[in-house]
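Chemist: Now for the letters of each chain:
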Amino acid sequence: MKQPSLWHVLQPKWRTALQRLREERDRGGRGKIVILTLVGSVFWLAVFGVLYRILKYFRGVEDLGPLFAGKLLGLALLSFISILVLSNVITALSSFFLAKDLDLLVSAPVDWLRLYLAKLGETLLHSSWMVALMAVPILAAYGVIYRGGILFIPYAVLVVVPLLLLPAVVGTAVTLILVNIFPARRTRDLLSIIAIGAAGGVILLFRIIRPEQLARPEGFRNLLDFITVLRTPTSPFLPSEWATKAIMGYLRHDLDPLPLVLLWTTAAAFVTLGALLHRGLFPQGFTKAQEGAERFIRGGFWRWTVGGLLKPLPVAKREFVLKDVRLFFRDTTQWSQLILLAVLVVVYVFNIQALPLHRGEPVGFFYVTLVSFLNLGLAGFVLASIAARFVFPAVSLEGRQMWLLRSSPLDLRALLWSKYWVGTIPLLILALLLTGITNVLLQVAPFMMIVSMTAMFALTLAISAMALAFGAVYPQFETENAAQIPTSFGGLVFMMATIALLAAVTLSLWQAVYTYVRAVYDGRPVVIDAWMIGWFVVAAALCAAATVIPLRLALRKMESFEF
Amino acid sequence: MIRLENLTKNYGSFVAVDDISLHVPRGVLYGCLGPNGAGKTTTLRMIAGILRPTQGRVLLGGDDVHVNPLSAKMRLGFIPDRPFVYDKLTGVEFLRFVAGLYGQEGDSVERRIAELLEVFELTSWQNELIEAYSHGMRQKLIISSALIHRPECIVVDEPMVGLDPKAARLLKDIFRQFVDKGGTVLMSTHTLEVAEAMCDQIAIIQHGKVVAAGTVADVRRDHQAGNASLEELFLKLTGGAHVRALVEVLGG
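Chains A and B, in that order, are what the protein sequence lines are. In this text, residue positions in the first sequence follow my numbering: the first is 155, and each later residue adds one. In this text, residue positions in the second sequence follow my numbering: the first is 278, and each later residue adds one.
To be clear, the hints were calculated from the coordinates, so they are not data collected in a lab. All of these numbers come straight from a predicted model, not from anything done at the bench. Beta carbons: idealized from backbone N, C-alpha and C, even for Gly. Warning: the hint list may mix true and false statements.
[What the hints assert, rightly or not] Across the chosen pairs, the derived CB separations fall in these ranges:
#1 B:V344 with A:A568: 14 to 20 Å
#2 A:L709 with B:T331: 18 to 24 Å
#3 B:G314 with A:L172: 22 to 28 Å
#4 A:I604 with B:H412: 57 to 63 Å
#5 A:L707 with B:E282: 27 to 33 Å
#6 B:Q332 with A:V501: 57 to 63 Å
[Unchecked claim] Straight-line distance between alpha carbons at most 25 Å, and here's what the computed DSS-like set of lysine-lysine pairs gives:
#7 A:K442 with B:K365
#8 A:K442 with A:K254
#9 B:K365 with A:K465
#10 B:K443 with B:K458
#11 B:K486 with B:K513
#12 A:K167 with A:K156
#13 A:K471 with B:K365
#14 A:K471 with A:K711
#15 A:K186 with A:K167
#16 A:K186 with A:K711
#17 A:K254 with B:K365
#18 A:K254 with A:K167
Given these sequences and hints, build the entire structure.
Modeler: Here it is in structure tokens:
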């Protein structure tokens with residue numbers, strides 16, 4: 155029997171994607187495209203600009219310059235493949251085992267190799283597009299600085315393609331093995347392994363990179379040791395190292411075909427091995443994925459704990475909050491990311507602690523206050539990202555069940571209220587802990603502690619409201635995976651709006667804080683005058699408006715939903 | 278009990294429901310019949326308050342569903358055709374959640390949940406996540422959820438889809454008892470035997486309009502159909518030529 159082409163097997167996917175694009179174009183008009191192009195261009199230009207400056211500086215340093223440039227590229231590519239392996243493991247779980255088209259494909263007379271290649275392609279595309287786009291300005295900066303010429307473009311593509319393919323095969327193979335051990339739907343165990351693995355990976359990556367050594371050449375015994383470290387590859391067996399060698403070799407007109415050959419032959423060998431593994435393990439894994447749906451839930455942990463705490467609330471609100479909490483902790487795609495989040499928070503706090511502010515000679519009060527102030531903006535950005543991931547999808551996730559909520563006498567305000575507080579309370583705890591701990595580490599003055607804690611409190615209320623509202627204004631009812639919802643256009647608009655709010659609030663607060671810093675610097679007593687109070691009021695008003703207006707808009711939008 | 282007044286729903290230039298006026302009295306089991314795409318589901322979803330009408334209004338026991346939604350919806354139990362529920366809740370948690378939406382809790386709700394799970398033979402599944410339920414079991418759970426707050430009227434879209442014969446029979450009996458005790462049921466169905474056996478009154482909808490309404494006898498009389506079966510009547514009113522063409526194609 156003649157087998158269908160890979161293109162044909164993937165037809166429903168790409169046709170759906172095309173149709174979505176058409177619908178987006180019809181619905182959003184040109185505004186969306188303009189905003190997306192603008193944001194994308196600004197981001198690309200920023201990455202290109204920063205790297206251009208760094209590389210230009212490196213280029214000016216004789217002998218050491220190219221070594222630095224190569225090391226930097228190696229680190230970037232190593233980070234890319236680490237992210238890609240994790241992203242492929244998660245994407246492969248849904249494309250190989252949980253996707254809706256699998257029943258049709260597996261029951262059709264499509265051979266195993268075609269199924270593998272089609273699904274591998276789908277996994278690769280879904281998990282790698284963002285990294286591939288990110289690589290463009292980075293490689294462009296290298297190409298421009300080292301005058302790679304127009305031929306550098308196809309050469310870079312030739313290097314990057316196997317670099318994307320390798321993590322896709324590895325990620326898919328890891329998922330295949332894990333699903334054979336744990337059923338795909340009972341992924342709590344599976345994803346916790348992945349998440350812990352990722353956390354370990356991040357720490358490992360930090361150890362491999364040893365960035366602090368490169369930043370402090372004085373820490374080496376002599377220049378020779380420093381150059382030796384720079385010359386030594388991070389690991390000769392890492393594909394990122396081969397890709398770095400291939401690219402730097404081309405750019406320095408010292409072309410060695412071996413790294414490129416290594417990349418392509420390894421990729422080919424990996425695809426072959428991956429296909430063989432798929433032939434052996436996929437049928438059993440896919441069967442297990444069907445069987446693993448049941449889970450018997452005994453007892454009423456949430457009912458007795460959260461339910462008990464919420465006893466004073468009306469029953470509808472209480473049951474709604476309970477339902478949201480249960481769904482969150484039973485959905486592995488949701489809670490598993492908390493582990494990564496915890497790792498990121500630890501790294502953030504660690505970085506603050508590692509700042510050389512309180513070592514040796516006393517550092518100026520001005521710098522401590524400045525860092526504490528910048529910390530406010532940065533922590534706000536961290537919170538916005540967390541809100542985008544956990545609060546933004548809240549309304550979208552109700553989509554398929556909206557028939558029940560709309561046909562019941564539940565007041566939409568109660569629904570919005572529950573969603574808001576379920577998202578806001580954990581966010582508030584995290585925000586205040588993060589700001590409090592970092593301020594203690596920075597040894598800030600009580601004035602700054604009060605200002606930053608209060609500001610963070612108000613900002614969190616606003617950020618959470620905006621996340622919920624933008625999620626309601628740009629809902630994604632068809633997306634079942636909560637992690638994909640914030641990557642939509644609405645998620646982007648939310649992040650832009652939040653950054654604008656953070657900028658406005660920190661700028662207003664800076665006016666007040668600057669008066670305080672000035673007084674301390676001049677040795678004058680700090681007087682909280684009308685000027686300071688005025689700017690505090692402006693900041694508070696901004697936060698209040700950013701809380702109330704979005705929630706009202708969200709309510710109006712939800713009232714107009716039709717299903 | 279249910280009154281539709283000049284109900285219209287447009288999707289862009291497409292008119293899905295076209296100026297429907299209908300009255301379903303208390304204590305009646307009313308069937309809404311029509312071919313695919315006739316506008317039955319859209320009408321039912323407007324009655325349940327899920328869709329907003331472009332024009333006209335829906336009254337449930339005197340309350341406009343879109344003006345006084347909370348008091349109107351307290352009277353209603355809605356059963357959709359597609360059983361989308363929260364996969365990560367257990368059956369009992371889902372029923373408790375729905376009872377909460379109607380402001381009900383406590384021992385009486387727990388007793389009612391146990392009773393409904395027993396009737397629909399879901400007791401042994403009550404602590405399983407709904408993601409493990411079959412289509413029919415989900416449908417039974419949704420029917421239980423529509424009954425949990427003891428509604429005055431039930432609006433149900435294709436009630437028999439996915440149910441095994443035993444459950445289908447059980448549902449018929451439940452609806453009949455519900456109506457006999459003064460409740461009201463408005464259901465849409467494709468299964469004409471079900472409509473003929475169960476419904477006190479019917480409305481046949483085509484292209485978003487009511488083309489016939491009343492008891493089966495009324496409709497026969499109004500359309501001079503003699504002793505024709507409901508199926509023949511339905512085909513006559515909705516274009517049986519398509520069916521004959523289909524039979525010819527399938528027959529060879």
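Chemist: So, for every hint listed, does it hold in this structure?
Modeler: Now the hints, each set against the structure:
The hinted window of 14 to 20 Å between B:V344 and A:A568 holds, with their beta carbons roughly 19 Å apart. A hinted range of 18 to 24 Å for the beta carbons of A:L709 and B:T331 is consistent with their spacing of about 22 Å. Checked against the hint of 22 to 28 Å, the C-beta distance between B:G314 and A:L172 comes to roughly 25 Å, which is consistent with it. The supplied range of 57 to 63 Å is met by A:I604 and B:H412, whose beta-carbon atoms lie about 58 Å from each other.
A hinted range of 27 to 33 Å for the beta carbons of A:L707 and B:E282 is consistent with their spacing of about 32 Å. Checked against the given bound of 57 to 63 Å, the beta carbons of B:Q332 and A:V501, roughly 58 Å apart, stay inside it. The hinted pair formed by A:K442 and B:K365 meets the criterion: a straight-line CA distance of about 19 Å does not exceed 25 Å. In summary, the hint linking A:K442 to A:K254 is supported, as the alpha carbons are separated by about 16 Å, within the 25 Å threshold.
Using a Cα cut-off of 25 Å, the hinted pair B:K365 and A:K465 holds, with the two alpha carbons roughly 23 Å apart. Taking the CA atoms of B:K443 and B:K458, the gap is about 23 Å. The hint holds against a cut of 25 Å. Taken as a hint, the B:K486 and B:K513 pair is honoured in the structure, with Cα atoms around 16 Å apart against an allowance of 25 Å. About 22 Å separates the Cα atoms of A:K167 and A:K156, which keeps this hinted pair within 25 Å; it holds.
At most 25 Å may separate the alpha-carbon atoms for a hinted pair to count; A:K471 and B:K365 meet this at roughly 19 Å. Distance restraint check for A:K471 and A:K711: the Cα-Cα separation of roughly 20 Å lies within the 25 Å cut-off, and the hinted pair is therefore satisfied. For the hint linking A:K186 to A:K167, the alpha-carbon distance of about 23 Å falls within 25 Å, and the restraint holds. Note on A:K186 and A:K711: the hinted pairing holds, with a Cα-Cα distance of about 19 Å set against a maximum of 25 Å.
The straight-line distance between the Cα atoms of A:K254 and B:K365 is roughly 18 Å, inside the 25 Å bound, and the hint therefore holds. Between A:K254 and A:K167 the CA atoms are separated by roughly 11 Å; this keeps the pair inside 25 Å, and the hint holds.
Of the numbered hints stated above, none is contradicted by the structure.
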